[in-house]
Structure formats: C-alpha cells, structure tokens
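**Q** Based on the provided sequences and hints, a complete structural model is requested.
2 protein chains.
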Amino acid sequence: MKQQKNLLSNPPYLQLAIDIPYLPEVEKILSKISKNNLDKLLIEIGTPFLKNEGLRQIVPVIRNYFPENYLIADFKTLDVGKLEVKIANEGKVNACVVSGLAPLATIISFIDECRSLGIDSWLDTLGLTLEEILYKIKQLDNFPNVIIIHRGIDEELSGKTSSWKIVQELRNFVPSLIACAGGISLDTVSGPLIHGGDILIIGRAIYNAENPYGVILDFYNAMI
Amino acid sequence: MKQQKNLLSNPPYLQLAIDIPYLPEVEKILSKISKNNLDKLLIEIGTPFLKNEGLRQIVPVIRNYFPENYLIADFKTLDVGKLEVKIANEGKVNACVVSGLAPLATIISFIDECRSLGIDSWLDTLGLTLEEILYKIKQLDNFPNVIIIHRGIDEELSGKTSSWKIVQELRNFVPSLIACAGGISLDTVSGPLIHGGDILIIGRAIYNAENPYGVILDFYNAMI
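Residue numbers (this note's numbering), protein chains in the order written: chain Y, 1 to 224; chain F, 1 to 224.
Think of the hints as simulated: they come from the structure by calculation, not from any bench. Be aware that one or more of the hints could be misleading.
Put simply, identical chains are the same to the list, so a pair is met inside one copy or across any two.
[Claimed, not checked] Cut-off 30 Å, straight-line C-alpha distance, at most; resulting in silico cross-link-like pairs (DSS-like, lysine-lysine):
1. K40 / K165
2. K136 / K86
3. K28 / K138
4. K86 / K40
5. K82 / K32
6. K82 / K28
7. K165 / K136
8. K28 / K92
9. K165 / K32
10. K92 / K165
11. K82 / K138
Keep in mind it's a predicted model, so treat the numbers as computed, not measured.
**A** This is the structure in structure tokens:
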C-alpha cells in the first residue's frame, strides 16, 4: 500500500469546520478572522453548507479572505466517488472527504481519483467502530491522506474521557494523518493531541464566539 | 408506527434523477422537456449536483421549467438530520433523502423533522442488505414516506447487481412507497414494477438521449 506525499507536512493543525449553511452569514465570520497570518489554519466547507450554497459559489468567497489556506470540501461521499472528486478538483479545493460508510468500490475510486488529480483524500469514519475502520482500510490499495475520528458530544458529557485512545490505536496501523472532531474545547484540547492526533477540528467553539480570531489564537497557543 | 399522509398518492411515477453537476448544462436539458404536461414526473436534484451548485441556486431554475412537479433533494444525509431538513424546507422542495447508512439518531431526527415541517422523508438504502434495512426500520418510530432501493453506480460498474426481488420482500414489511434506482432501461423497466416498485428512477437514459422528452414518453408508455 502506497502513501501519497501529503500536502500537510507539518502537524499539528487547527481546522475550522463551517457548518453554517448560509454564505452571507459565513462571510461575516470570515471577515472577522482574515488578514491575519494563520498558516496552521485549515478551513472545512461543511456538508450542509455545501448542499445549500454549492462549492462553486462558496470557494471564491472563502478565497477572498483566505487565498492560501488549505481548503477541504466535506462531501461525505457515498456514491459516484470519481465524479465528486472531479467536482472538488474543478472547485480548486485542496482536499475532499469520502464517508467510511460508502461501499468499498466508492472509497477506492475516490482515493484513486484524488491521487490521479493530485488533491488530498480524507476518510470520515463517522458511524464506524475501530474494528470496522481497520477492516475497510485493509481492503484499500492506497491509504487516504487523512482519517477523521469523531467523538460524540454525548460520550464526552457522560465522562468517557478515554475515547481518544482510538487515535493511538489507529496510529499503529496507518501512516495517514489523523484528524479529531467532536466536542473539543480549550479545556480538552490536549486529549486528542496526547493520543497522537494531528488535526483538531473545531466548529461552533470558534464561529459562535464573539471574538473568533481570539479563540483561534487561544487554540493555537494550547496546541503548541 | 405511524405513516404520514404521503404527498404522492397515485403511483407509479417516473423520476428524473439529475446527476449532472453543472446548472447551465442541466438548464439546457430541462428546456427540452418542459412546457409539457408531465404530471407523473418527479424531479430529483442529485447529490453531486447539489454539492456543486447548491439547493438555493438550483431550485429557482428548475421551478422556471417545472413550477408544479414534485421535487426531491437527494441529500443522502449522514449527520445533522434536523439541519438538513430545515435547508430542504427553506429550499421549497417536496422531499429530501436521508442515507440508511446514517446513525439511527440521525435517521430518526430527519424523519421527525420532515413530519413536523410537512415535507416527505425518503430513505436511501444504498449499501445496505435487506436484513440491515429491516433491522433499521424496526427501530424507527415512523416510516419514511418513500424507501429507495438503490443500486449505486460504482457498485453497478463493478458488476455487483442485485435482483429487484428485494422490492417484493420489503413490501411485506413497510407501507412506504418504494422507489427503484440503478441501471433501469426501456428494456428492463418491467422488472421493478412487476416486483411492486412505485417509482422508477432514471437518470442518464433520459438526459443523455438526443430527445429526452421522447424517452420520457417511452418510459411513461412502458410503465402503464
């Protein structure tokens, strides 16, 4: 199994996941955090945002504020893997995401097409156990560049603080970078990093804040 | 378990699935089939089309050509079910689709929100076996209005084809309408209907034709 040279070569990174589905509202938030040197900030175009506004409309607006940052289209692809990668490539994002729940044929054609077009492939493991993740990955010819591990907010609230151990376990089997999503706050930021996470995915904690740029800097400081 | 009064009361129907991801190209096709009395035609905004152009941009264009037809947003929702239904409702479509691969909590909140907002909920069973479909459905409080038996394009290309007998088996357990998708041509149109399918989903066979309106009429005639 081969690993494509990853476009992200210097983790850890902070990822802003934008799950607000309205472009004007998103633009307001972006205007508050742009024009600053945020070279460790990745920007994720969330699934509901994509479905409502469309990649073609969204990317140019984000590029106005962040011309250089790594941009991810969270397609959560379930079918027609090749076509969705083509759309991502035409939309000039750096990476796109396939769902780990997709049929194996879709995941394979998605990763292959990403490699062929030179953009990063991400695999989202939402809804899969560690065993199911490993079973799927073993059947791939090529690793995805990044694997996303989700942790439910409900789990966190019920005091299951050990759930980031899955990151450590996955690390033993794959060379891919590992992105961690779900209920990460400034108080809990060290958890996924200690267990080997490379990318921290934060959404509302940033864009619902009064001073989103200040919160990003706080996460930056907490990460290093 | 309760069944919401379905907006589709007189099957069979023919569904045009639009998986072309570019609005100008789609508009060209729609202009060839509109201004005709196609009351049995449902129009599906396919997933890659949605992700590239966005529901907000797409619906007004389709409504120019088909002001009254039943319109489906094929979200294939995997997460944040309630939010995606809200987007569908704001986008003024008649129905939206949740993936059967989604976590149970997502499917439940999706169907509940559809009922609460008065739009139809569709469940796409791509990637699930009959046993898995029945297991999931048993755990729901409410049936979806329509269940899609979906032969994924990637699966189709890799030669994994399933029999339409699954439609008949599913019929014994659910009152939902059943929509059949994947590789249906004029030669094979009777298969899903004989087994109890209510809706035939056709994509490329219609919009790749030189005379899409003629092909729609051919399918109409073959259905009755």
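**Q** Could you check the structure against the hints above and give me the numbers of any it violates, in ascending order?
**A** 3, 9, 10
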